[in-house]
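Colleague: So you can see what is in the structure, the chains are spelled out below.
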Amino acid sequence: MSELLTGAAGERRLFLGNEAIVRGALEAGVALVTTYPGTPASEIGDRCYEISRQTGLRFEYSTNEKVALEVAAGAAACGWRVLCAMKHVGLNVAADALMTLAYVGVKGGMVIVSADDPSLFSSQNEQDNRYYARLAGLPMLEPATPEEAKAMTRAAFALSENLKLPVLLRTTTRVNHTRGPVTLGELAARPGPGRFYKDPFRQVMVPAVARQAHVRLLAAQDQARALAETSVFNEISGRGAWGIVTSGVAGAYVADALTELGLADKVRLLKLGFTHPLPEALLGDFLAPLSKVLVVEELEPYLEEGLKAVAQARGLPVTIRGKGPDLFSRLYEYHPGLVREVVARFFGVSSEAPDPLVPEQILGQPLPDRPPNLCAGCPHRAMYYAVKIALKDLGVEGVFPTDIGCYTLGLLPPLSMADFLICMGSSISTAAGISRATGQKVVAFIGDSTFFHSGLPALVNAVHHKHDFLLVILDNGTTAMTGHQPHPGVSLMPPGYPGEHVPIARVVKALGVEKLWVVNPFKYKESLAAAKEALEASGIRVLISQAPCVLYEARITGKKRKARFQVSRGCGECRDCLDNFGCPAMYLESGEKGRLQIDPDLCSGCAFCVQWCDHIRPVGAG
Amino acid sequence: MASTENRKPKTENPPKNLRIFLTGVGGQGTLLASRLLGEAALAAGYNPMVSETHGMAQRGGIVVSTVVLGDLQSPLISPGEADIVLGFEALEAFRALDRCHARSLVIANTATLAPYPVAIGQARYPSVAQMFHRLAEQVGALLAFDADALAHRSGSPLAVNMVILGALAATEYLPISAQDILSVIRTRTKEKFLASNLQAFELGAAAARDPRNWQRR
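Residue numbers (my numbering), protein chains in the order written: chain A, 1278 to 1899; chain B, 6 to 222.
Honestly, the hints are just simulated from the structure, not real lab data. By construction, the Cβ of each residue, glycine as well, lies at the ideal position given by its N, Cα and C atoms. One or more of the hints may lead you astray.
Stated by the list, open to error - Interface residues of chain B toward chain A, partial, derived using beta-carbon atoms under 8 Å:
#	residue
1	Arg40
2	Glu44
3	Met54
4	Ser56
5	Thr58
6	His59
7	Arg64
8	Ile67
9	Gln78
10	Ser83
11	Pro84
12	Leu96
13	Phe99
14	Arg100
15	Asp103
16	Ala119
Model the full assembly from the supplied sequences, consistent with the hints where possible.
Modeller: Structure (C-alpha cells):
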C-alpha cells in the first residue's frame, strides 16, 4: 500500500513536497486527480496513480494540461473535490481554460498545482506563474516547505469551496523536491457520485453570461482579499525598524540569514503564504512603522510591485527594494548564502563569508563536464543515426526542429540533431514555417507522448496546408523523461493499467497523412532505407520509429539483454561510431593510440552498432 | 586558508547545525542515501530537510542532494557551507570542493566513472591522486577509498551508497548513530538485497576505521 495512505494522525513522516501535496489532498477528501507529467510536478501524478490502483481515488494522466484542467473542472462542477497538477509551462497550455474557468467557478473544491522551475533544472523557461493568479483573478497559496505544502493543499480545498473559485497552489522545484517532516492528519472519506445540476445562465460563457460572471469574479476577489488579510499563512515575526517581506522557499533562506547575522531583533519579518490577492491592509500596516524594507522573492518582483503600490496608496515614506544591481536577481533560484549576503549588504551589517574554493583553480586544470546523454540501447539514438546517415548518403543538409523529451538530448554532439525548439508540439508547426520560408530539407522530431499532447493539431494543419517536411515520431511507448508514465499510445501496458491503447499509426493515417513509414529503429538497413525514401519524397511525410525505451522495457518485462558486444582487433581510425553515434557504452582506451572499446557493464545488447560496423562482434564470436 | 583549530573532528560535541552534500552520477543511489539519512535523522528527533535533483539531470548527469540538520530551515547548501561532502565518484567529489570549508569532512569514492567527453577522448580525466592530494590540503579531513570495490565485495555492485553511508556512520561527525541508519535501511530495503546492503554498510564502516584511508590537516 502507498505510504501516503498509512499512518495515524499526529505521526511525523519525511515527505517530498509533492507527496505532502498528495497527502493534503487525501486528507481533504479529493475524489479526482488529473495531470500531465512534467518535472518538478511529476511525483504528484505518480503517487496518485499508485493510490488510484489501491483505493477509489479517480486519477488520469490526461493527454495535456488543458485537457487535465477541463476534466477536473467538469468534475468540480458536479461537487467533487479535484486536484490538477502540472509544471509551470503546462499552465500555459491550460491557460485558455483557466482564464474562463475563473468566470465559471467551481462547486467542489479545486486546487491547481503550478510547479515553477527557477534555474530551469528541467524546463524551457523560468516564467513566474504567480502572475497567472493575478491575470485570472484567482486566489493563490505559496508553500515554503513540505509541511506547509500539505497544510495549504488541505486549506486550499476549503478556500476554493468558500469562494467557489479554483485555487492556485504555486510551488517551486525546491519545494516539490525537498523532503521534510510532515505531520499527518486524518484521511478523509471520498464522496460518492457527484451530480450535475443545470444552471446554463451561470455556466455557459456566452458574452451576456460572462459579463455577469466577471462582476462575480471581482466580488469574489474582494472576498478573497479579506480572507488573505487574516490568513494564518501570512505571518509576522520579529521586531525593529527594518523589514523583510518574503514568500516560498526564499523565506527559509531569510529565516536562517536573520539568525546567522544576529538580526532577529532588528528586523520585522512578514512571510506571505496567501499571495493573491495580496492582503493590502496587512501590508500597509506592516510597512507603516518601518524605514526600509527588503523583498526577498525568487524570479519576478511580484510582491515588490504589490508592496510599492500599497506604500504609494497610503503615502508611506518607507524605502522598498528587492530586485536590482547589488540586490536580488530575477534569474535562477536563490540559496542561503546568497540571501544572507544581500540581507547583510542591504542593512549594512557584515556577513564575513570567505570566498568559496574554486576546484579548477586549485587543481590548475579544467574539470571535464558531465553532460547527460541518451542511454546505451536508446531507440532514439538508433533512429537519429539512421536519419543522419541517410542525409549524408543523399548529400543533403537537414534542419531539425525538435520537441520536448529525452530525445531533446539529440542536441548534444555527436548527434547534433536539434536545431529549433520552443515548447511541447512546436517541432511540427515550426517545421512547417521553416520549410515554407526556405525550401530546405526539414526533418522534425517529436516523441510519442508529446505527439498526443500537442502534435495532433499541428499535423492536421500540415496535411491541410500541404506543408513539405518529414516528421519523425520517436515512439518509445512511454513518457520516458518524467518517469515512464503511460499515454494513449503506450505500447507496453503497465500491469493493470486501465487505459485504451490508441496506436499512433492509426491516428496519423486518420489525420490524412498518406506517406507513412513505420520502422523498428534497431533494424538498421530497414530504417536507413525508410529514412532515405521518406527524405526524398515530398509533401508531408511521417516516419514512426517504434521500439520501447530500454529502461522501461526492462522494468515492465524484466527482459534481460541477450548478448553483449566487443570491438575486434581490426578496428582502425574511422571513428564513425564516436563521430556520428555516441553510445555511452563506447569509449577510447586512454593513451595516444587508445583503441575503441565497449564497456561490457554499459552495453545494453541492442545489437545496433554491429549492423553497420564490421569490427564490432558479439562477445564470444571472436 | 589554513585554520589551526579543529584539526581533528570534534567528537564530544556534534555541531548543532550540520549540512551534508551528496554528489554522484545518475544511477549511483545518491538520492536513496540522502533519503535514508533524512529518515534516520527524523527518527532520532531531528527536523531534517533533504533536497533532491530529479528529471533531466538523471540521464548520466551529475546528481546532487543535500541533508540539512539542526536549527536550519533552508534545504540547500551554498558554496563553502557543507560540513560533510559525500562524493560517490572521484571527479564529482573533487568538483564539490566549492561546497567545502576549512573544517569540512569529505568522504570520497576513489573509483571513477568517465564522463562522456572523456570516454571519447575529447577531455582528460584528472589524476585521482592529484585531485585528492589537493582536496586534502583544503578541507578538515578526507576519507577516501574504493567504494566500488567494497560494493562488489558485498555482493551488490549497486550498493556504493550503502558503503558510503556505513563509512559516514563510523565517523564521529554525525549526531545520529549507525544503529539509527541501520534500522532505516532494514525497513527500506527489499528482502533479497538486505544481506548485501548490510554487508556493504559494514565494509564502509571498516574502511572508515582504517587510518590509512584518512588524510587530516
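Colleague: Could you check the structure against the hints above and give me the numbers of any it violates, in ascending order?
Modeller: none
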